[in-house]
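Enquirer: Sequence:
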Amino acid sequence: MSPRVLPERPLPGHAVCLDLRTVAAHDPDDTVRAALDAQRPGGERRFLVLDTADRLVAHQRLYERLSSYGPARVVCLAVGERNERTVRRTLTLRPPAAGVLWLFDGVEDDVPGDAVLRPLVDVLATPEVFDAVLRALGEVVHGVAVPAVRVLEHDLTDEARERAWRQAVEGLVGQEVPVGASAAERVPGALALLLDEGVPRSLAGHQWLPPGGMTGAALAACEEAVAVAADGHQRVRGAAGLLTRAGADVDLPGDIERVVRELGRVRAVVADAFGAAGGSRPTVEHRAVLRDRGVELPEMPREITRAGIVPALRDHTHELIGRGLPLRSVAARLSALSARTAPVGSTARLTRLDALCGPERLRRLDGRYAFTAGGPRPAAFAVTGLLALLAGVWPVLGWVLGPAVGVVAAGLARLALRRRPNRSPDGRTDGGGSTGAAPRLLGGLLGGLAGAGLGLFLGPPPWAGALALAVSLTAVVLLALRDWTRGVDDWWARADPEEAWRVLGEVRNLVVTTAVHDWLFAEVRHHCSAGAGAVSRLLGDLADTADAHGPGTAVPPGARFRAAARSREDRDGGEWGERGESLPPRSARSSGTSRPRDPHGDTYGNAYGGPYDPRGDAFGDSFGDMEDDRYGDPYGDTYGNGDDPHRSPYGDRNDPYGSPYGDREDRDPYGSSGRSTATPESFARDPEAPYGGPSALPAPAWLERRHGDGGPLLVDTLVGDLVAGTLLILDRCWAGVERDPGAPASPVHEQRLTELLDDARLRLERDVAASPPPRPDGPRDPEGPTGLTAAPADRPDAARLSGVAPDAVARLLLAGDDPGLTVTLCGPEHLRLLSHDPLAARQVRFVPEAMRRGAAGDDIWRGTPEDVVWTDAGRHAGILRLVPLRADVVHTVRAEEAEDQ
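Residue 1 is where the sequence shown starts when you use our numbering, and the numbers rise one by one after that.
Calculated directly from the structure, the hints in this document are not laboratory data. Mixed in with the good hints there might be a few duds.
To be verified - Pair ranges (Cβ atoms, derived):
1) E296 with G358: 23 to 33 Å
2) P96 with A307: 52 to 62 Å
3) W870 with Y69: 22 to 32 Å
4) A220 with G367: 24 to 34 Å
5) D249 with P460: 41 to 51 Å
6) P460 with G367: 46 to 56 Å
7) R306 with D490: 52 to 62 Å
8) A355 with D489: 21 to 31 Å
Here the structure is a predicted model, which is why all the values come from computation and not from measurement. For each residue, glycine too, the CB sits at the ideal point set by N, CA and C.
Please build the complete structure, drawing on both the sequences and the hints.
Expert: Rendered as structure tokens:
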């Protein structure tokens, strides 16, 4: 078989291609069996067979086997030699189930035969074109015709393709994000309860610290001690505390000492509770321990459950990816979420407890503060002197009354010092103090004498002297009471025993927060942290895999995954794969029996490669002992073992794109990554000479290639496809995360991402990503990640993807039925074999749907014939005319005659 004819991996739904021209080098039965085993979506069985024209009868049994599993439709491309003048076929290749296209090798001397066959196979493998051609062959005499073709190929330049692919992978992966650089994100409600350290609404009325418990009793005793001290302060301050004995029995220093003792007891009780259940994952026994210490834990609230954590993580991850964040950014945010929700145990709260009521705080509360009253001493001297002067203006009596006012002021200051609040009644505790009695006495004496002298000079009436005396005494008493009250309040503020109330409130909140998040939510927080960390690591691994898959990487994906598998062999525990099943350690899996494969194969695997592998496995298994990790996902097994002795005749199966044209770094399956130095002359000398791909081969006369630089929506479309496919891969991980988030992820997820990238690259090569990704098997959530990929009808048109306008295609379709537009795939010597009846020929016009949808507009398609076949995928558009042969050219051989031959 020629490695340059058949597609590397046909798209799902396309005809299964097989080449019977060189069956001598391969077992034909295995080739047909592989074709029969290929998965066909919808059960439709289409086969595009390449064969030599002189072997159609000899291969009758092979054609019959294609219908052994049920009705099948077959289009045979029979390649004839230049000297052939008749074609012989069996009844198996007759319409309506089969037809033959007879074309001749070497029609164009400067174009290799495979350069003609490859684009023709790409066109005919498209299901819409396949069906239209088969129907047209049914209307042709004998069901045999010579094709006449005119095809336009819309593609990207090599540079544009590589640039778009590089930008798409970068858009999926993103840049490295430093640890801790991710900003706080809005998270679902279930996760928000674990981050804000609040109390769920349903637990707002719960009594966490019962009064009869150890912790509740200690808090109550401390609150009572603070209340007693505050009541004593109220009794001491004011006129009653200074002028009467109402506060004589008040022992404020003793009350403050009791507050400090009770606060220290509270700290000891709470610290004991924190230490008794200080593990990061408290057990059921810890509930009884906490209950003994006065902490009552309720049942889990309805707002949060362990079962709701993984769905919340999934929604959060999908929301981040849906906002366009690349994988590494999402991984960094999930890593930060994992760190924030990780349970650290109540022992870690001891630091906060020490900050609230630790030894330093207790020493400050228990400190001795001096009592100071009377204000600045010069001001006290001046005010007292002025009041004594006012009282001394009473003639004659002023010599006594003026100094007496100073004595009264000094006496009140002395009384305030004696009854200072920082001194215990028994004198056991005394913080000392100063009230300014001496400045008041000296100021009063001097002011009184000065006032008496002034009174003799002025000679005021007696009533004026009496009034002045009353004002002076009243002012002295009021100022003394003011200074006393201010002094008491200032000392109380500096001692600040009422701060214990605030401390008790914070300690109570700390205990409740610890009870909720470190004890009650411990298991949920551990589950959330482990799940977020697992998904973060998985996204990081996927990002690394995508980077390794990027342009310029020469490492075969099979080798990457074998290395990834070996790197995980040393890990303990199982792995979580898709749908939550626990995979045993890899060493056990590699030595044991493999789990049976899905009889229907993988969505991509057998559909892409089934008919090409003699053993029935599309590309074998390039992942070594990872075979058991494949479960038929939408990005199934597509790679093979390069060391397989039954190596596929279609090229190196370690090539990530299934390229049959050699190493990826040198050649590309569609000639996009570079051009080979092979020439038609070298191909003629060596049929196995490497080419850069179909586009690198010389174009036949009927094929016109148009290359664009990429449209404005190409990269965004590729990124959207990759993101949606990545979410589908993640969808298969959540059940495993739910079951055991601590287990290492299976390398099968990285394998699926590689297959996703391969599929996206393949569609970029095949039709510039105009066709949407294949739908996964099974029911899908309508609100799931598939919403990130536009529906087929909403995808951008081909012009906005490739940058090539479809005007030439429209003009070709509108040109009518002129036979001169097409090139007949035969030599001049074969023209006499064709029917010359112009009405006998049949014509198939085909155009990819992507060329007419969207912004391309409808004007250029106005007047398009109604019989145009609009294909779902492909980069080719054009006309395929089926020219019938003369009746005497085609010979039908019956089964008996075929067996004799």
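Enquirer: So, for every hint listed, does it hold in this structure?
Expert: Hints versus structure:
1. Under the hint 23 to 33 Å, the C-beta atoms of E296 and G358, about 26 Å apart, fit the expected range.
2. With their beta carbons about 57 Å apart, P96 and A307 fall inside the hinted range of 52 to 62 Å.
3. A C-beta distance of roughly 30 Å is found between W870 and Y69, which places it inside the suggested range of 22 to 32 Å.
4. Look at A220 against G367: about 25 Å separates their beta carbons, and that is inside 24 to 34 Å.
5. Between D249 and P460 the beta carbons are some 47 Å apart, a value that agrees with the proposed interval 41 to 51 Å.
6. For the pair P460 and G367, the supplied restraint of 46 to 56 Å holds, since their beta-carbon distance comes to about 53 Å.
7. In this structure, R306 and D490 meet the distance hint of 52 to 62 Å, their C-beta atoms being roughly 55 Å apart.
8. Checked against the hint of 21 to 31 Å, the pair A355 and D489 passes, with Cβ atoms roughly 28 Å apart.
Checked against the numbered hints above, the structure breaks none of them.
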